[in-house]
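Peer 1: Chain by chain, the residues run as shown.
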Amino acid sequence: MAPPPPASHKARKRKRHVRSYSMQLPSKPFPLASLLHPLRTSSMRRLAIPTVLITAFIFRWAVTYGPHSGENTPPMYGDFEAQRHWMELTIHLPISEWYWYDLQWWGLDYPPLTAYHSWLCGKIGSLVNPSWFSLLTSRGHESYNHKVFMRATVAVSDYLIYIPSVVIFTKWHSRASGTDKYDRIIALAILLSSPGLIIIDYGHFQYNSVMLGLCILAFANFLADRLLWGSLLFVMGLGFKQMGLYYAPAVFAYLAGLCVSFGGSGSNTRGDGGNGNGIDIGGLLKVDIQTLTLLGITVISTFGIMVAPFAIFHGPDKTALEQLGQMVHRVFPFARGLWEDKVANFWCATNIVFKYRERLSTPTLQKVSLFLTILAILPPCLLLFLRPKKRLLPWGVAGCAWGFFLFSFQVHEKSVLLPMVAMTLVVAGGLDRDLLSWVGWANNVAMFSMWPLLKREGLGLQYTVLTGLWRYRVAYCGAYDYGGIVERFPDIWVVGNAVLCFGAFGCMYIWVLYRMAEEAGLLDEYSVGGGGEDEKERLKKVE
Amino acid sequence: MLQVKNLNYASVETVYFQRLSVIVTELVLVLSLRRFVNVQTNPQTKKGANIIALSLLLSPAFLIIDHIHFQYNGMMFGILIFSLTDALTDNLLRSGILFAILLCFKHIYLYIAPAYFAYLLRRYCLGKNLLDVRLFNCIKLGVSIVSIFSVAFGYFVAIGQIPQLLSRLFPFSRGLCHAYWAPNAWALYAFADRILIHVAPRLNLNIDSASLGSATRGLVGDTSFAVLPNIPPRVTFVLTLAVQLVCLVKVFLQPTPTRFIGAVTLCGFASFMFGWHVHEKAVLLPLVPFSLLALQDRRYLGAFRPLAIAGHISLFPLVFKAAEFPIKSAYTILWIMVFFMTFDTVVPVAKSQRIFLLDRFEIVYMTVGVPLILYTELFHFAIFGSRLEFLPLMFTSAYCALGILGSFLGFFVLYLTG
Numbered sequence: 001m002a003p004p005p006p007a008s009h010k011a012r013k014r015k016r017h018v019r020s021y022s023m024q025l026p027s028k029p030f031p032l033a034s035l036l037h038p039l040r041t042s043s044m045r046r047l048a049i050p051t052v053l054i055t056a057f058i059f060r061w062a063v064t065y066g067p068h069s070g071e072n073t074p075p076m077y078g079d080f081e082a083q084r085h086w087m088e089l090t091i092h093l094p095i096s097e098w099y100w101y102d103l104q105w106w107g108l109d110y111p112p113l114t115a116y117h118s119w120l121c122g123k124i125g126s127l128v129n130p131s132w133f134s135l136l137t138s139r140g141h142e143s144y145n146h147k148v149f150m151r152a153t154v155a156v157s158d159y160l161i162y163i164p165s166v167v168i169f170t171k172w173h174s175r176a177s178g179t180d181k182y183d184r185i186i187a188l189a190i191l192l193s194s195p196g197l198i199i200i201d202y203g204h205f206q207y208n209s210v211m212l213g214l215c216i217l218a219f220a221n222f223l224a225d226r227l228l229w230g231s232l233l234f235v236m237g238l239g240f241k242q243m244g245l246y247y248a249p250a251v252f253a254y255l256a257g258l259c260v261s262f263g264g265s266g267s268n269t270r271g272d273g274g275n276g277n278g279i280d281i282g283g284l285l286k287v288d289i290q291t292l293t294l295l296g297i298t299v300i301s302t303f304g305i306m307v308a309p310f311a312i313f314h315g316p317d318k319t320a321l322e323q324l325g326q327m328v329h330r331v332f333p334f335a336r337g338l339w340e341d342k343v344a345n346f347w348c349a350t351n352i353v354f355k356y357r358e359r360l361s362t363p364t365l366q367k368v369s370l371f372l373t374i375l376a377i378l379p380p381c382l383l384l385f386l387r388p389k390k391r392l393l394p395w396g397v398a399g400c401a402w403g404f405f406l407f408s409f410q411v412h413e414k415s416v417l418l419p420m421v422a423m424t425l426v427v428a429g430g431l432d433r434d435l436l437s438w439v440g441w442a443n444n445v446a447m448f449s450m451w452p453l454l455k456r457e458g459l460g461l462q463y464t465v466l467t468g469l470w471r472y473r474v475a476y477c478g479a480y481d482y483g484g485i486v487e488r489f490p491d492i493w494v495v496g497n498a499v500l501c502f503g504a505f506g507c508m509y510i511w512v513l514y515r516m517a518e519e520a521g522l523l524d525e526y527s528v529g530g531g532g533e534d535e536k537e538r539l540k541k542v543e
Numbered sequence: 001m002l003q004v005k006n007l008n009y010a011s012v013e014t015v016y017f018q019r020l021s022v023i024v025t026e027l028v029l030v031l032s033l034r035r036f037v038n039v040q041t042n043p044q045t046k047k048g049a050n051i052i053a054l055s056l057l058l059s060p061a062f063l064i065i066d067h068i069h070f071q072y073n074g075m076m077f078g079i080l081i082f083s084l085t086d087a088l089t090d091n092l093l094r095s096g097i098l099f100a101i102l103l104c105f106k107h108i109y110l111y112i113a114p115a116y117f118a119y120l121l122r123r124y125c126l127g128k129n130l131l132d133v134r135l136f137n138c139i140k141l142g143v144s145i146v147s148i149f150s151v152a153f154g155y156f157v158a159i160g161q162i163p164q165l166l167s168r169l170f171p172f173s174r175g176l177c178h179a180y181w182a183p184n185a186w187a188l189y190a191f192a193d194r195i196l197i198h199v200a201p202r203l204n205l206n207i208d209s210a211s212l213g214s215a216t217r218g219l220v221g222d223t224s225f226a227v228l229p230n231i232p233p234r235v236t237f238v239l240t241l242a243v244q245l246v247c248l249v250k251v252f253l254q255p256t257p258t259r260f261i262g263a264v265t266l267c268g269f270a271s272f273m274f275g276w277h278v279h280e281k282a283v284l285l286p287l288v289p290f291s292l293l294a295l296q297d298r299r300y301l302g303a304f305r306p307l308a309i310a311g312h313i314s315l316f317p318l319v320f321k322a323a324e325f326p327i328k329s330a331y332t333i334l335w336i337m338v339f340f341m342t343f344d345t346v347v348p349v350a351k352s353q354r355i356f357l358l359d360r361f362e363i364v365y366m367t368v369g370v371p372l373i374l375y376t377e378l379f380h381f382a383i384f385g386s387r388l389e390f391l392p393l394m395f396t397s398a399y400c401a402l403g404i405l406g407s408f409l410g411f412f413v414l415y416l417t418g
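If you read the sequences in order, they're chains A and B. Start counting the first sequence at 1; every next residue gets the next number (my numbering). Start counting the second sequence at 1; every next residue gets the next number (my numbering).
Honestly, the hints are just simulated from the structure, not real lab data. No incorrect hints appear here.
Coverage of chain A stretches by chain B, computed from C-beta distances (three or more under 8 angstroms per stretch; other residues unrestricted):
(1) 39–49
(2) 56–67
(3) 145–151
Partial pick of chain B residues on the chain A-facing surface, computed with a CB cut under 8 angstroms:
(4) Ala322
(5) Ala323
(6) Ala330
(7) Tyr331
(8) Ile333
(9) Met337
(10) Val338
(11) Thr345
Ideal Cβ placement from N, Cα and C applies to all residues, glycine included.
The shape of chain B in the complex, shown without the other chains (with noise of 0.2 angstroms):
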C-alpha cells in the first residue's frame, strides 16, 4: 500500500483507510469549533456561534472536498480556526503559532499571511502608539516561527533540495485559468473572451486563432484569449497585492479582532478573485471565515448568502460521477435550507441602513441557481451526450464567479465602511 512505485493502487482497504484517516483528522475541525463557541460570553452571540460551528461542521464544502475528492481541509481549517479563536481571545503569540504550523502543512495559507503580518505587528509587536516597539514580544514571536519553520524544512534544507521543494510548492509554469475555471474574476473574463469570439467578427475585432481552443482544453496547461488581451502573472500579483493592502491599512489601523478576521476573509477573497492559476477548492479560503462574521448583522449575512451559494455549486463539476450527482446536490439543498432559515432567525438586524440592493440580487441569484444545476448537471448530456463537454463546465464557473464577486464586493464595502 505505501510503496511508493504502487501509483494508482486502491484495494478496498486502502480506501477505508484512508477516508477513515479524513474523518479521524477532521476531529481537530470539530474541537476548533467547539472551541470557537465556548470562547464566546455573550449568550446571543454564542447562539449564533454554535450555529456558525454546526453549519461549517456540516459544510457540503468539506464532504465533497475531503470526503468525496479526498483532501486535509478539516483539519486545516481546524487549525485555522483555532488560530483565529485565539486571535478574538487576544492570545496573540499562540495564534501566530499555530498559523505557522498551518503554514507548514499546506501553503495555500500563504493567500492570508499578509492579514497576519499585519495584525500582529500592530497588536502583539507594537505598543499603543507605532514608534512603541514591543521588543520581547517581538522575540518571542519570531524564535517561535522561525523555530517550526526550520523544523518543518530543516531537513531539506540540511540534504540540499531547497530549489526543488519550492519548485513544487510553486509551479509558476501553469496557466491563469486552471482548466476548469475557477469561478473568479478570470472565469468572467474567459467567458467575456468566449462570447466576444462569436461576436467579434461583427465588430471588426483581431481573433488570434491560435488560441481558440486554449481555454477550453481540459488540460492544466497556458490559457491564452483569442480577442482580450493575455493577462501576465504581474497583473495578477499586481491586482491581488492592491486589494490586500487596502484592507491590510484598516485593520493595522483598527486593531480588532473582528476586523482582523475580515482582513483573513478579504485577503483570502482577493487572492481568489485575482490570483494567478486558482483552484476551485481555493473557496474555502474566503468562505470559511466569513461563515465566522456572517452572524454579525443583517447585512453581513445578506453579502455572505451569494458566496455560501456560489461556493458550494462551484465545487460540484469537483465530483462529476454520474453516482455522486445525487448525494452532492440533495446534501447541498438540505444545508442551504436548513442554514439560511436558521440564520434568518437569529440575526441581529443591521445598526446602520444598508447599502447594496444585495437582496434583490440574491433572490434572483438563486432562481437562476436551479435550472443552471439542473442543465449543467442533467440536461446537457441528454441533449449533447458527451460533446461540448466543457459548456456546462462554463456556465458553471461564470454563474458562481458573479455569485462569488457579489458577495466580495459587499463584504468589502462592509469592511471599509463598518
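Looking at chain A on its own, in the form it has when it is part of the complex (with noise of 0.2 angstroms):
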C-alpha cells in the first residue's frame, strides 16, 4: 500500500522520457503551466487544487448558458428531454413500470443506477416546483428556472463524483509513477479543462460524468492496490451507463493479470518488478484463487443489488424474469443500425468505398464488426493480462476504448468521449512533450469530430472557446489546424469529418499501443541502437 521509494523511480525517470516540468520552469513550456507557475511556493500551494476547482467550475458553468440538446425543437424535442422525463416517470411510476412505460416518448434505455438518480433529481426537483415533473403534462417542458435546475443537477453530480475522482485518480497515478506534485496540478487541470466532456454534460446535456467519475475512481483504487472497492466501483460506472464496457475488457485483463502469475516472475507480477524479459508463456501457471473469487463475489453481488429492486418488485404482471429481459433488451438495442449520424469509426468512413449496409445483412455485419472490435481490442488486453503494471493500465484502459470506438457495432460521435477521457487521464503519469502533444491532438480531434452535432445544437460558441482554450492551453504545439475546410457542402464536410478524425483516431490508436509497449518494456531490446539515441536526444532537447 505505501507508495515504493521515490529513489528507485528516479533512476527509472532518467531511463525514460523526461516527465516533469517543474525543474524548466520559468522558460515556458506551455501556457497552462506558466498559468499555474505561481502556485508552485509553498505559500500559495495550499491555494492551487482550489483555484484549479473553481476555475474549472466557471468554465463549466458559463456552457450551460448555451442551449442544450433539442431546445425549442418539438414533437420529440432531445437528450434534455428524455432526462427530464426519466425524472417524471420514475417520481410517478412504481419501479415494475420503468422499463415499460411508454417507449416510444423517450422509454428508458439505461440501466438501473441512471434510473435510480433520476428519481432522486426528480424529487428534489419536485420539491422546488412539481410542474417540472408532473406526469404525461410535462412533457417537453422549458423553463428558464428548469433549465437553471436540471443544469444544476449536472454540476452537483459533477462535483460530487466525477471531480473528487479525478482528483483522486491524479494522486494515486502520480503517486505509482513518481512525479512531483507541481506536475500533478498541472496534470489535474488539464484533466478538467478537456474541453469534450464539458461541452457533452454541460451544453448537450448528459450525465457522462457520473459514470465516468466512478470508472475513473475504480481506475484510482486499482493503482491503490484496493481491487474490491474498485471493482465494486467499475461495476456501479457500468451500472450508470453501459458505455462504461468500452473500458471493461482492459479493466478485466488487469484484474485477471493480477490474479494470474507465471512461473519465472514469481509472484511479483504487481507494480513495477517486470525486468524486461520475453513473455514466457510456456513456463508454470499460478492462479490466485483467493483474490479472483473475491472480486467474483464483488462483481456479482454488486451487479445483484443494483438489478434486485426490479426482480422484487416486477409488478402483478410480470415476473421477475420478464422485467429483468425487458432491462436488458432496453439498455442493449441490437436491433438499431450500424453506426448513427456520422461518426468517425471504421465503418462510417470506409462506408465510402463500401457500402456496407447494402452489400451485407445486420446479422453478418454484427458478426464481422464483433470479429474487428476483438481484434483491435486484442492487444492492450493482451498486454495487461501479461504486463499488469500499476503504469500500463490507464493506457490498456485508452487503447481499449480507442478500439472499441473504431470498431464496434453502433457507436454514437459521444461515445468519442470514453477513449478521449481515458486517454487524458495518462497524463496524470507524467508530462513528457510527446505525450502532451498527443493528448492535446486528441481532445482536438475529438471536439471537431463532434462539431456537426453540436452546431446543429447551437453550441458553436462554446466549442470555439473550449477548444481554443484548450489549444491555447496545452496542445499549444503539435496540433494541426481544419481552418480550411469549407462548409459549403454540407454532406460532404460531414463525412470529410468523419473520415479524417477517423484517421486521426487510427493513429492515436496505434500511439496508445506503441506508448504501451514501450512502458510494458517491450520495446526496450530494439531501443538499445536506434532509440536509445532518440530518447539521449529527447532528454537534450527538453534539458
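Both chains are given apart, each in its own frame, so use the hints to dock them into the complex.
Peer 2: Below you can see the structure in the form of C-alpha cells.
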C-alpha cells in the first residue's frame, strides 16, 4: 500500500521520457503550466487545488448558458427531454413500470443506477416545482428555472463524483509513477479543462461525468491496490451507463493478470517488477484463487444489488425474469443500425468505398464488427493481462476504448468521450512533450468530430471558446489545423470530418499501443541502438 | 437592429455584437494597465503594480457590470487609468485632456473632477509659490479642455438642445436612494429607519404612515423615511463637498502624485457615501483608484480589503437571475482568494504603527459575509418564496455599506495622517 521508494523511480525516470516540467520553468513549456507556476511556492500551494476546481467550475457553468439538445424543437426535443422524462416517470410510477412505460416517448434505456439517479433528481426537483415533473403534462417542458435546475443537477453530480474521482486518480497515478506535486496540479488542470466532457454534459446535456467518475475512481482504487473497492465502483459505473463497457475488457484483463502469475517472474507481477524479460507463456501457471473468488463475488453481488429492486418489485403482471429481460433488451438495443449519424469510426469512414449496409445483412455485419472489435482490443488487453503494471492500466483502458470506438457496432459520436477521457488520464503519470501533444491533439480531434452535432444544437460559440482555450493552454505544439475546410457542401463536409477524424483516431489507437508497449518494456531490446539515441536526444532537447 | 423604434430587440447576433463590443473596448483597460506597470521604475513596486493590474483586469466588478449586466466601464476606467498614469509621470497636460475626454463619455466622473481641478491647478498652473501663475500652461490646458467640450457638445448647442441634454444627464427628480439601496451612508440611514419602525411604538416616536412602504417599494422614485427626518438634496451636497474639501486642501498643500490618486479615491468615496441617488455601480469610482494604492503598505491593504469584499458583493443584486448566481459567486470567491493571498505576499510592512483595529474588524466582517450571501441568494428563496423580496437586498446593502464605510474611514485617516 505504501508508495514505492522514490529513489528507484528517479533512476527509472531518467531512463525514459522526462516527465516533469517543474525543473524547466519559467522557460514557458506551455501556457497552462506557466499559468499555474505562481502556485508552486509553498505559501501558495494550498490555493492550488481550490483555484483549479473553482476555475473549472466557472468554465463549466459558463457553458450552461448555451442551449441544450433539443431546445425549442418539438415534437420530440432531445436528450435533455429524455433525462427530464426519466425523472418524471421514475418519481410517479412504481419500479415495475420503469422499463415498460411509453417506450415511444424517450423510454428508459439506461441501466438501473441512472434510473435511481433520475428518481433522486426528480424528487428534489418536485420539491422546488412539481409542475416540472408532473406525469404526462410536463412533456417537453421548458422554462428558465427548470433549465437552471437541470443544469445544477449536472454540476452537483459532477462535483460530487467526477471531480473528486479525478483528484484522487491524479494523486494515485502520479504516486505510482513518481511525478512531483506541481506536475500533479498541472495534470489535474489539464484533465479538468478537457473540453469534450464539459460540452457534452453541460452543453448538450447528459450525465456522462457520473459514469466516468465512477470508472476513474475504480481505476484509482486499482492503482491503490484496493481491487475489491475498485471492481465495486467499476460495476457501479457500468450500472450507470452501459458505455462503460468500452473499458471493461481492459479492466478485466488487468484484474485477471493480477490473479494469474506465470512461472519465472515469481509472485512479483504487481507493481514494476518486470525486468524486461521476454514473455514466457510456457512456464508454470499460478492462479490466485482467493482474489479471483472475492472479485467474482464483489462483481456479481454489486450487479445483484443494483438490479434486485426490479426483480423483487416485479409487479403483478410480470415475472422477475421478464423485468430483467426487458431491462437488458432496453439497455442493449441490438436492433439498431451499424452507426448513427456520421461517426468517425471505421464503418462510417470506409462506407464511402464499400456500402456495407447495402451489400451485407445486419447479422453478418454484427459478426464482422464483433470480430474486428475483438481483434482491435486484443493487443492492449493481452498486454495488460501479461504485464499488469499500474502504469499500464490507463494506457490499456485507452487502447481498449479506442478499439471499441473504431470498430464496434452502433457507435454514437458522443462515444468518443470514453477513449478521449481515458487517453487524457495518462497525463497524471507524467508530462512529457510527446504525450502532451498527442493528448492535446486527441482532444482537438475528438471535439472536431462532434462539431456537426454541436453546431446543430447551437453550441458553436461554446465549442469555439472551449476548443480554443484548450489549444492555447495545452495543445499549443503539435496540433494541426482544420481551418481550411469550407462549409459549402454540408454532407461532404460531415463525411469528410468523419473520415479525417477516423484517420486521426486510428493514429491515436496505434500510438497508444506503441506507448503501452514501450512502458511495458517490450521495446527495450530494440531501443539499444536507434531508440536509445533518440531518447538521449529527447532528453537533451528537453533540458 | 439599430432602428430607434426597435426597443427591446435582442436577436442572438445583436447580443453577440454588443457583448463583443464590450470585450474589444476593454482592450483600452488592458493597455492602460500595461502602461501603468511599465512606468514603475522600482522593481519592488513594479511587481506590486503587476499584481494590481491583474487584479483590476480580472476584477469581478467588471465581469458583473460590463460582461453580464452590460456597460462599458472597462473602457472608461481604462481612460481614467491612462490619465492617472500620466499624472504619476508628471505628464499633466495629457492627464487633464484625457480626463476631459472621459467626462464627455460619462458624466459620473464629475464626482472626482474636484481632485483633478485642485491638483492640476496647483501642480500645473501655479509655480513653486501660490502667486507664481504659469500663464502659458493655463492657456494650454484651458484651450484643450474647452475644445474637447465644444467638439462633444457643440452640435447640441447649435441645435439648441442643451436644456434637454442637461435634464437627461442630471435627473434630480429621483429619490435619495436607488430602488436597491446602494451601500452608502444613506443605506445605513434607511436601514436604521426600517428598524426604528418596529422599535418606535415602544419609544413613543411618531411614524409617518404614508411613507411606510416607500423605501422598499422597488421602483425608482422618491424615498421618504418613516421615523428619521427626511434628507433633502442640499444635505447630501454639503456633506459630499465638505469631505471633498478636506482632501482637496491636503492635495493642494502637498501636490504629490500619490496624494493626488488618494484625493481622487476620496472624492469617489465621498460622492459614493453621501451622494444623491447613487447607483451601486458607482462603487467602481473609489474601488479602481484605491486599487492602485492598495499595495503601498500593510495599512493601506487593511483599509482596502473591506472595500474589495463589500464592493463586489454589493454588485451581486445587479445580476439576479438564478443561472448567474453560480458564476458571480464562484468568480468573486476565486478572485478574493487568489488576490488577497497574493497581496499578502508582496505588500511591504508599514513604516509607522497602524491606528485602526481594521484587521479584527475585517476578519469578523468576512466571516459574516459567507452566511449572509448564502441566505440572500439561496435560503431566503427557500424560506419565503417570493415574499419579502426587499429583505435580502436590505441586508446586503446594509452589510456592504458597513464595509465600505469602514474602508472609507480607514483610508481617510491614512490620507490625512500619511
